[in-house]
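Protein chains in written order, with this note's numbering: chain A, 18 to 305; chain B, 13 to 347; chain C, 72 to 313.
No lab work stands behind these hints: they were computed from the structure.
The structure presented is a predicted model; accordingly, all values stated were derived computationally and were not measured.
Be aware that one or more of the hints could be misleading.
Stated by the list, open to error - So the derived label-pair ranges between C-beta atoms look like this:
1. B:LYS202 x A:ILE89: 53 to 61 Å
2. B:ARG18 x C:GLY86: 21 to 29 Å
3. C:GLY86 x A:GLN195: 18 to 26 Å
4. B:GLY133 x A:TRP176: 27 to 35 Å
5. C:LYS158 x B:TRP201: 50 to 58 Å
What the hints assert, rightly or not - Covered stretches of chain A, going by a simulated chain B footprint (3 or more residues, C-beta under 8 Å):
6. 107-115
7. 123-132
8. 197-210
9. 289-296
Ideal placement from N, C-alpha and C gives every residue a C-beta, glycine not left out.
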Amino acid sequence: MSRDLILQAVISGLLMGLIYALVAVGLTLIFGLMEIVNFAHGEFLMLAMFTAFWFWALGGLDPMLSLPLVAILLAVAGILAHFGIIRRLLKAPMLAQVCGTFGLGVALRAGAQFLWTPDFRTITNPFIAGRVQIGPIFIGQPQLISGGICLLSFAALWWFVTRTETGLGLQATAQDRQAAAVIGIPTERMFALGWAIGLGCVGIAGTMLSTFYYIFSDVGTNFALLAFVAVALGGFGSILGSLLAGLLIGLVESLGGLLLDPSYKTLIVFGLYLTVVIFRPHGLFGRF
Amino acid sequence: MLEKARAERLWPRPPLWASALGAAAIALLIAYPFIFTTSFSHHLMILILLYALMAQSWNVVAGLSGQISLGQAIFFGIGAYSSTVLFAKYGITPWAGLMVGMLLSALAAVAIGVPTLRLRGHYFAIATLLIGSGVQIVFQRWDWVGAASGLYVPIERTSPLFYLQFHTSKVPYYYLVLGAVAIGYLVVWKLRRSRLGFRLQALRDEPDAAASLGIAIARHKVLAFMISAAMMSVAGTFYAQYVLVLDPERLFSAEISIIVLLMTVLGGSGTLWGPALGAAILVPLSEYSRIWFGGTGRTIDLILYGILILLVCMWRPSGILSLLEERIRRRAEMP
Amino acid sequence: MSPLLEVSGLTKRYGGVTANADIVFDVNEGEIVGIIGPNGAGKSTLFDLVTGFQQPDGGRVLLDGHDITGLRPDRISRLGVARTFQKLKPFIDLTVTENVIVGALAHTSDMKTARDQALESLAFVNLLEKRNNFARELSTGQRKRLELARGLAMSPRLILMDEVTGGVDQRSIAELIALVLELKQRGLTIVMIEHNMQVIMRLADRILALHAGRPIAFGAPEQVRSEPAVVDAYLGTVDDAA
Chain A
18 MSRDLILQAV
28 ISGLLMGLIY
38 ALVAVGLTLI
48 FGLMEIVNFA
58 HGEFLMLAMF
68 TAFWFWALGG
78 LDPMLSLPLV
88 AILLAVAGIL
98 AHFGIIRRLL
108 KAPMLAQVCG
118 TFGLGVALRA
128 GAQFLWTPDF
138 RTITNPFIAG
148 RVQIGPIFIG
158 QPQLISGGIC
168 LLSFAALWWF
178 VTRTETGLGL
188 QATAQDRQAA
198 AVIGIPTERM
208 FALGWAIGLG
218 CVGIAGTMLS
228 TFYYIFSDVG
238 TNFALLAFVA
248 VALGGFGSIL
258 GSLLAGLLIG
268 LVESLGGLLL
278 DPSYKTLIVF
288 GLYLTVVIFR
298 PHGLFGRF
Chain B
13 MLEKARAERL
23 WPRPPLWASA
33 LGAAAIALLI
43 AYPFIFTTSF
53 SHHLMILILL
63 YALMAQSWNV
73 VAGLSGQISL
83 GQAIFFGIGA
93 YSSTVLFAKY
103 GITPWAGLMV
113 GMLLSALAAV
123 AIGVPTLRLR
133 GHYFAIATLL
143 IGSGVQIVFQ
153 RWDWVGAASG
163 LYVPIERTSP
173 LFYLQFHTSK
183 VPYYYLVLGA
193 VAIGYLVVWK
203 LRRSRLGFRL
213 QALRDEPDAA
223 ASLGIAIARH
233 KVLAFMISAA
243 MMSVAGTFYA
253 QYVLVLDPER
263 LFSAEISIIV
273 LLMTVLGGSG
283 TLWGPALGAA
293 ILVPLSEYSR
303 IWFGGTGRTI
313 DLILYGILIL
323 LVCMWRPSGI
333 LSLLEERIRR
343 RAEMP
Chain C
72 MSPLLEVSGL
82 TKRYGGVTAN
92 ADIVFDVNEG
102 EIVGIIGPNG
112 AGKSTLFDLV
122 TGFQQPDGGR
132 VLLDGHDITG
142 LRPDRISRLG
152 VARTFQKLKP
162 FIDLTVTENV
172 IVGALAHTSD
182 MKTARDQALE
192 SLAFVNLLEK
202 RNNFARELST
212 GQRKRLELAR
222 GLAMSPRLIL
232 MDEVTGGVDQ
242 RSIAELIALV
252 LELKQRGLTI
262 VMIEHNMQVI
272 MRLADRILAL
282 HAGRPIAFGA
292 PEQVRSEPAV
302 VDAYLGTVDD
312 AA
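Take these sequences, add in the hints, and give me the full structure.
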């Protein structure tokens, strides 16, 4: 096994890991704020990918240009989801919360399949295409740019959550909802904001994925599973945890696929989840 | 008041109309194949019965015991494969295979449950989701059981009862499944009135309080998981003997795990008849949408399922029958 | 005669915070021991350590001479130790009677016997009227009584009560005091965490005072009450509940 191959796998794993991380951070934000696991998260990613696709197929808009649009659309979807659905679910027992978001996911996935058939789509001729060569390594430009944008998004998110008043309000609500409300932080709005940011991140990740990944109605499922693993690994509620865990998963998946049978790489990631969750239940940085 | 309380029935009595309805339903089930004589109507009812059993299995582990398993398909597949492998490779009757499947599923439940059931609700749910996916991948690559191509149950046209295969009519099959479901529901009915059943419900509602009342939490969780796994396995074996072909993608699919959850939540999680009601609603919905909408029917029923469940969880999370059961348990004045 | 419950050197730390440090006290059979202290003094943590809900970092707990330190909570409760929780934990999807039945099931497997015992327990705490309601329909005061009834249905030897009078109205407090005295009459050993000084002075045979996780006094009520450390830490700054 040449060192170059391994290095290649590491780089591409890390780049993919950044996307996993961005998807995961949405999940972790939502859970950190209101303790709801969004079992429809993968489906929102799928919708983001399709949105980018249709912007391209029908509007001729390259994903790099539609990126802000998709992010905003998903953020709006998040706000609608919160006020329309999640707000009710918050009052229900955990079983109902799990089943509710699950049902939403099922409906969205089936809806997508109904509207757009199970066919696989791709965006051909995106603005960013081709490969770059860095030393002995070949990296697809879309993956590289995706990685960069994911990193930027994380940086922006981190800055927002730690340096702005609203962001601190989010943190406060996540840590102690009642105390935050007492000092005047509007809980409902924080929740909606959490959904907006969470799904906005998914929108960014989805648009980036659409430049190099197949787009189909079931595409969200696997990403969701990996996002769950990332969130559990990094700790529910931890932004930094999602980033590191996402990177780790991307790495493990890529190296696992290289060194062992590629079809087992999912199993390896799952094994990682189980190991972490059993021996370190709160993940790397989590509070839960 | 103590005397009056002591004189009350130990178990609450359902209102007369509910009992009458129930009796009528049972009579209908028994006479069904002779009232509705088409092969399709038999097929439909067999599916409803099988799903009623599967949903009840989820009800035991989640509705009754509070452990949200999203991987019930694991045991469904184990049941199907156990009986089929034993029959196809060693000629052992599927009845014995049924028992073996139950045993293996219970063991799997222990193997999966002991490390994962100590996790908090969401973590456990995700773990079952992942393990289910993992088991599917394993079976799809395991050559001895046919890998991705699956297995065929060898056709036997003699001794249909022994081989659990009926080729001339679905009717005997219908009654066997009805029998299995009846046994399953009887078991759960007894369970809910037993010491174990109450302890499981306590565990579901407040694990700490349950522990302070002498209930060994981990052990009871695993026990509930084992019972539910065995029930699922029975359904798996019967299903295998019905369709006579095993496809790992279908058998271990997350879809099955999800559907049994949806049915129970719709009908009433934690109630006795909720799973059956959910199956009775969702199976025909699925079958008829497939007929009316052709190929896309598969997706339309899922859209409806999803929306239905979402609405139920938003407005009446305890399901349709919970209201009735609550009134019965509260021994309120009956309408 | 050796005490029913003996606690020595019990310690619990979380990272940098010491929740309990070197707690020492004992409880004789048939006695009522009260535990007082300001919020955050570690009282509920102490209960958790004694009943197995948390693992101590040091120290021992002896029940009737047997070492029960660090045992699982269900094992400890099966040895005859009941407890109530400060943050109430009723089984919300069960009726009041069914709640208490779960308690009775700790030592019987016959459902009819369990039901009858449950009813007796409910009669004792005066909740029979609500016996067929679901636990979620009860008020706070009623839930407290439910939790008490549930624990009592276990026929325990020792019961640990966490803030039984918290959030309960005046009239009900007098009833609760009578209840606890009646329990003592029946031979039950009781340890109670209480904020209400009047209640605890009335009921306790001995009092353990905690402050910042440490025991600062242990003995007869009058003695503890006049202990300077106790006055300083607790009595001086907390209103006597009227």
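Structure-based check of each hint:
1. B:LYS202 x A:ILE89: 53 to 61 Å: For B:LYS202 and A:ILE89 the Cβ distance comes to about 57 Å; the hint holds.
2. B:ARG18 x C:GLY86: 21 to 29 Å: 52 Å, violated
3. C:GLY86 x A:GLN195: 18 to 26 Å: 24 Å, holds
4. B:GLY133 x A:TRP176: 27 to 35 Å: 33 Å, holds
5. C:LYS158 x B:TRP201: 50 to 58 Å: 34 Å, violated
6. 107-115: Contact hint for the segment 107-115 of chain A vs chain B: holds, 7 residues under 8 Å.
7. 123-132: Satisfied; 8 residues make the cut.
8. 197-210: violated (count 0)
9. 289-296: Three-residue rule met by the segment 289-296 of chain A, so holds; n is 4.
The structure is inconsistent with the numbered hints 2, 5, 8, although it conforms to all the rest.
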